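Build out the structure end to end from the sequences listed, making use of the hints.
Chains V and G, in that order, are what the protein sequence lines are. Quick note on numbering: my numbering labels position 206 of the first sequence as 435, and the sequence is numbered without any gaps. Quick note on numbering: my numbering labels position 157 of the second sequence as 386, and the sequence is numbered without any gaps.
No lab work stands behind these hints, which were simulated from the structure alone. Remember, predicted model here, so these are calculated numbers, not experimental data. Zero decoy hints are in this set.
Identical copies look the same in the list; a pair holds intra-copy or inter-copy alike.
Each computed SDA-like pair below joins lysine to any residue, with the alpha-carbon atoms no more than 20 Å apart: (1) Lys360 - Arg399; (2) Lys287 - Ser423; (3) Lys540 - Glu530; (4) Lys275 - Gln299.
There are 2 protein chains.
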Amino acid sequence: MMNSLNEIARFLTERDNFVILTHQYPDGDTLGSAFALCRALRKMGKRSRVIVNGVFSKKFQYLAAGMQEQDFNYQTVITVDIASVSLLGELKAEFENIVDVSIDHHAMNTSFAKMTYVDPKAAANTENIYKLIKILGVEIDREMANCIFTGLSTDTGCFKFTNVTPDTMRIAADLMELGCDSAEINRIMFDTKSMARIRMERAVLNTLTTHCGDKIAIINSTLAMEKETGAEDADMDGIAAIPRQIEGVVIGITIKEKGEKHYRVSVRTLSGYNAASICSKFGGGGHHAAGGCSIDGEFDEVKEKILAAAKEELFGK
Amino acid sequence: MMNSLNEIARFLTERDNFVILTHQYPDGDTLGSAFALCRALRKMGKRSRVIVNGVFSKKFQYLAAGMQEQDFNYQTVITVDIASVSLLGELKAEFENIVDVSIDHHAMNTSFAKMTYVDPKAAANTENIYKLIKILGVEIDREMANCIFTGLSTDTGCFKFTNVTPDTMRIAADLMELGCDSAEINRIMFDTKSMARIRMERAVLNTLTTHCGDKIAIINSTLAMEKETGAEDADMDGIAAIPRQIEGVVIGITIKEKGEKHYRVSVRTLSGYNAASICSKFGGGGHHAAGGCSIDGEFDEVKEKILAAAKEELFGK
Numbered sequence: 230m231m232n233s234l235n236e237i238a239r240f241l242t243e244r245d246n247f248v249i250l251t252h253q254y255p256d257g258d259t260l261g262s263a264f265a266l267c268r269a270l271r272k273m274g275k276r277s278r279v280i281v282n283g284v285f286s287k288k289f290q291y292l293a294a295g296m297q298e299q300d301f302n303y304q305t306v307i308t309v310d311i312a313s314v315s316l317l318g319e320l321k322a323e324f325e326n327i328v329d330v331s332i333d334h335h336a337m338n339t340s341f342a343k344m345t346y347v348d349p350k351a352a353a354n355t356e357n358i359y360k361l362i363k364i365l366g367v368e369i370d371r372e373m374a375n376c377i378f379t380g381l382s383t384d385t386g387c388f389k390f391t392n393v394t395p396d397t398m399r400i401a402a403d404l405m406e407l408g409c410d411s412a413e414i415n416r417i418m419f420d421t422k423s424m425a426r427i428r429m430e431r432a433v434l435n436t437l438t439t440h441c442g443d444k445i446a447i448i449n450s451t452l453a454m455e456k457e458t459g460a461e462d463a464d465m466d467g468i469a470a471i472p473r474q475i476e477g478v479v480i481g482i483t484i485k486e487k488g489e490k491h492y493r494v495s496v497r498t499l500s501g502y503n504a505a506s507i508c509s510k511f512g513g514g515g516h517h518a519a520g521g522c523s524i525d526g527e528f529d530e531v532k533e534k535i536l537a538a539a540k541e542e543l544f545g546k
Numbered sequence: 230m231m232n233s234l235n236e237i238a239r240f241l242t243e244r245d246n247f248v249i250l251t252h253q254y255p256d257g258d259t260l261g262s263a264f265a266l267c268r269a270l271r272k273m274g275k276r277s278r279v280i281v282n283g284v285f286s287k288k289f290q291y292l293a294a295g296m297q298e299q300d301f302n303y304q305t306v307i308t309v310d311i312a313s314v315s316l317l318g319e320l321k322a323e324f325e326n327i328v329d330v331s332i333d334h335h336a337m338n339t340s341f342a343k344m345t346y347v348d349p350k351a352a353a354n355t356e357n358i359y360k361l362i363k364i365l366g367v368e369i370d371r372e373m374a375n376c377i378f379t380g381l382s383t384d385t386g387c388f389k390f391t392n393v394t395p396d397t398m399r400i401a402a403d404l405m406e407l408g409c410d411s412a413e414i415n416r417i418m419f420d421t422k423s424m425a426r427i428r429m430e431r432a433v434l435n436t437l438t439t440h441c442g443d444k445i446a447i448i449n450s451t452l453a454m455e456k457e458t459g460a461e462d463a464d465m466d467g468i469a470a471i472p473r474q475i476e477g478v479v480i481g482i483t484i485k486e487k488g489e490k491h492y493r494v495s496v497r498t499l500s501g502y503n504a505a506s507i508c509s510k511f512g513g514g515g516h517h518a519a520g521g522c523s524i525d526g527e528f529d530e531v532k533e534k535i536l537a538a539a540k541e542e543l544f545g546k
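Structure (structure tokens):
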């Protein structure tokens, strides 16, 4: 059952005491959606708070800047950028059966809430939140604009990916006119790397090998490297994109040691080569351009297996 | 003497046999401006060609896709994205005194042409070209849209920098609706690195040192590295941005060996620290956020000198 943003706006107007849930491992879009909506509801004179579902990364804390704690018994539950209750993680037990409103941009949204709005064409869920706040009649201030912009920018790789639409760009333009700190947000998100990340990039670049006339490139990381560089999960973000970025490479492979003789393999391809089909040979999956699988064994063996599968994809079977 | 885009449009409508000049070391904005305007003038039934002022990099050649050679004696000379005749490089002797129209976005444009339009608020000069083509009444096709988008995207670091305005975003939205290959252009410009560049990144990351509680970071490249990695000038683009991108670093320094005991130093800073003032101690200059200078001597000596100057800036004099 899909609802319109108008229906959801009417419902929110009638209710109070909101709790807004982000998905586990919260990113810029789920956090931006939650804090923008929370700020808008408060501007309407309602009580509202966000439950950050996991670590509230330091780089995102400006989203909550200046907000007071509000303590109340919640009456209305909203989820943002959450396609299914499994993404509620530790909040699942308490909330899975009582979500009132789900606002999302994933086509596979399982309609677990009483009311659901999904626009799969929205590059970021904050596009939906922007439209909802407009309907609610709340004036978007600079802080809300920063929240909305953060979703747009982080979910599109700074307006780089194929998901960007004219709508995305025009909403960003509106937000800039509302005083949002667009360039500073972009700098924090896309022009800043932790020292651990820099060390990890150096380490994985030292493992780079290329094959089949430089059409396939492979890098790998080890547990020892993680220890040595101090890299945590957040620092590994985007590492898997590196080998495919090399000019001429059409299949990029990243092999990450997860445990003894246990490896996680990420595959990225240019159009014309199917990452999911390479990964499916090892029980994995994914999309055309990006896939993943787990392979167990000695490292050299694992590398040989995934390379063989990549060659099959490259040359046809 | 500034002219309006309307005046320039009227002039172009009356003339024919156009030659459009790009600046030396042509980038995406000057090339995008030139080919968009050239295509528009041809659609008006006029003869027009672009002179690419230097190497026409392979990655930009789609800008000229499908265009026929046109041979004619030129009657009207246009420069795009050129602030002064010195940027004409090898074309200076032939053209410096006969430029009819200069369309530019640099505030320091020296008004060397008979007619000049400068909008320093335009993030890219293709914003001006977009507006001019609209006034000329030419329908923007997909190829023109690709040219205009290329300028927008390359001059803003994929819509990341502080120069982006709401106008930039809205023009990009319009171009996407006109069918431009925005995501593919962004991939080519921002998601592709040459193998030599990857090798060079690895090499310079191996030289990384940090100082003053990781607030200053220094990398360096040597002539031997350039030889070993095969890196050319184009591969070195953006290398100077690396040290400042590290989280916590406020002054990033790149020391590039140019010859025996001869070094080029690039400084990048976060706001609050003045790169130009660091570089001016060695006869260099620049802006608040980016500066450069040359220092001669043994490498260790050069590094010590620039580090001392950076420390002065960091701690105040």
